[in-house]
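Turn these sequences into a full structure, and let the hints guide you.
Residues per chain, in single letters:
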Amino acid sequence: MEHVAVLAARAEREAGGRPAVDKRMTAEAAVQLIRDGDHVAIGGTLYSRTPMALVFALLRQRRRHLTVSRPLACYEIELFLSTGALDRIVSSWVGIGLPWGLAPIFRHYVERGEVAYDEWSHLAIGLRYKAGAMGVPFLPTLTMLGSDLAARLDLQTVTCPYTGERLAAVPALNPDVALIHAHRADMLGNVQVDGYRHMDVDMARAARTVIVSAEEIVSPEQIAAHPDRTMLPHFAVDAVVAAPHGAYPHECYGRYGPDLRHFDGYAAAAKEQGPAAGLRYVEENVDAHADFAGFLAAAGPDRLAALAADAGELTPR
Amino acid sequence: MSDITADIPPDTTGDITAEELMAITASRLLADHKVVFAGVGMPLLASAVARHRHAPHLTIVLEGGIIGTALLPGKLPISTNEMRAAYGAQMLTDITDIFLYAQRGYFDYGFLGAAQVDMYGNINTSVIGTMERPRVRLPGSGGANDIISLCNEVLIVTQHEPRRFVERVDFVTSPGYLSGGDSRARAGLVTGRLGAVVTDLALLDFEPVSRRMRLCALQPGVSVSQVRAQTGFELLLSDEITELAPPSAQEVAIYRELRDGPVAVTVQTP
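These protein sequence lines map, in sequence, to chains A and B.
Going by this note's numbering, the first sequence opens with residue 1, and the numbers climb by one from there.
Going by this note's numbering, the second sequence opens with residue 318, and the numbers climb by one from there.
In case anyone wonders, no lab produced these hints; they're calculated from the structure.
Wrong hints could be hidden among the right ones.
Calculated cross-link-like contacts (lysine to aspartate or glutamate; reagent style EDC-like; alpha-carbon spacing at most 20 Å) [claimed, not checked]:
#	chain 1	residue 1	chain 2	residue 2
1	B	K351	B	D414
2	B	K392	A	D310
3	B	K392	A	D264
4	B	K392	A	E313
As the structure is a prediction and not an experimental result, all values here were calculated from the model.
Here it is as structure tokens:
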């Protein structure tokens with residue numbers, strides 16, 4: 001594991017410019033900020049507020065030797081695996097979702113030792129991003145102690161200089177790039193979300209480059225009308241991508257529910273054909289379309305409207 | 318663990334599933350005015366049953382950043398991070414924040430399922446076989462390691478079968494009492510304790526000195542030898558082994574309404 005010194009983590013941020021300018025670009029242009037070998041942190045968790053429009057744009061590029069981190073990872077991980085993009089997964093849980101059983105493509109690559117899976121506890125992943133966001137090299141915690149997870153990761157402990165108590169020292173994680181999907185952003189990169197925030201704030205503030213897609217691009221005045229909803233300030237964001245339904249087929253709180261039927265089709269094919277099914281999914285759903293709008297058009301407006309109705313039933317107006 | 322259902326008539330429909338039996342038995346362990354950190358599936362269902370029956374002030378917390386969820390009957394979540402899980406919630410925050418409430422000591426119960434559990438309550442959800450040569454790579458800890466490390470009292474609910482109840486787990490994803498005695502505390506896990514294990518056959522706990530799993534009570538009609546046959550290690554026996562009250566008609570009705578949605582009532586017109 002690569003450990004980050006305090007000053008090294010700061011240096012880029014200190015030196016970097018913070019121009020308050022129009023940062024809008026297409027998803028295809030934004031993912032050009034990602035290079036082979038990068039560590040890409042994917043916002044949201046499991047099938048909630050996954051930045052799917054950005055994920056699809058990155059899949060289309062067929063980058064190599066990536067590390068992907070995520071609090072809980074869903075089948076997007078299997079798409080990266082099936083296209084040969086990944087060397088390493090950093091997460092606390094990798095699957096599709098409880099009803100679909102074990103993720104067969106994930107099993108294929110990890111059981112053969114072709115791709116590494118660094119398994120942390122869920123809190124430890126969160127504290128790794130948080131330490132990165134705070135600009136400190138580690139955070140002390142009472143979790144993970146005594147487990148085989150800790151032993152396998154060679155997790156170190158620290159002794160409190162005040163009380164003498166022993167705690168686990170979870171190392172900072174500063175991803176090269178964070179991909180975040182939000183409800184709204186202005187062109188400068190002020191970002192708002194509704195509902196739960198997953199680990200997105202810490203993940204973004206820890207990252208060296210931050211790409212945000214948003215359901216809506218709004219004016220700076222609309223942001224300022226509800227400043228308490230802003231989760232990231234413009235100076236912590238590098239690129240802004242307009243992406244309505246940009247988490248589909250996953251959910252976006254208050255906007256649309258997950259398309260579980262789409263999951264059924266994917267999971268059945270993956271179970272039957274393994275990585276070939278993952279590759280075919282990318283060819284048919286990503287490569288076959290010019291952009292994410294093409295994928296949404298194939299899903300159809302009726303489907304999207306039904307998922308929006310699901311969200312309306314479950315969230316306060 | 319007092320039995321608060323002794324005065325309720327049993328369900329006589331006779332078609333109670335193992336899952337219903339486990340969830341209902343487990344629900345009785347949750348007291349009112351407490352906070353439970355629940356995983357999805359049976360732990361969440363059991364927590365919801367408790368809230369709808371004897372513990373209306375039980376606050377259910379889910380790791381997706383959700384505090385005080387109400388849940389919509391018939392639309393229970395399959396993930397801790399989705400709108401169904403957040404239905405009626407009092408507070409939405411982020412994931413790390415939820416676990417930090419646990420670390421601060423706010424969560425009276427942590428409530429888990431288990432793919433594989435051993436005689437000291439260690440849970441494996443990482444690998445069958447070894448990490449070097451996995452037979453099956455499982456999804457991983459999720460929040461289970463944190464819940465068992467940080468919640469004040471941990472409850473485990475799982476089906477009772479030899480492949481689940483093993484002498485030693487293949488991999489300690491989530492540490493119970495590790496190798497027994499004071500080994501958990503020596504590893505630095507100074508918070509939290511394991512309370513009960515609820516199965517379709519029995520209610521078990523951990524003997525206070527050896528920290529080995531101990532049989533406390535049997536599900537209705539189950540014998541000690543049946544439990545032993547389904548356990549892959551030598552169980553300790555409590556001095557007095559009681560029989561659990563069968564699920565009441567009320568408990569079963571609450572459980573099924575939560576799972577399936579409101580029951581359609583046919584109103585007969587004169």
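Hints, one by one, checked against the model:
At most 20 Å may separate the alpha-carbon atoms for a hinted pair to count; K351/B and D414/B meet this at roughly 19 Å. Distance restraint check for K392/B and D310/A: the Cα-Cα separation of roughly 11 Å lies within the 20 Å cut-off, and the hinted pair is therefore satisfied. For the hint linking K392/B to D264/A, the alpha-carbon distance of about 18 Å falls within 20 Å, and the restraint holds. Only pairs whose Cα atoms come within 20 Å are accepted, and K392/B paired with E313/A is accepted, the gap being roughly 11 Å.
Of the numbered hints stated above, none is contradicted by the structure.
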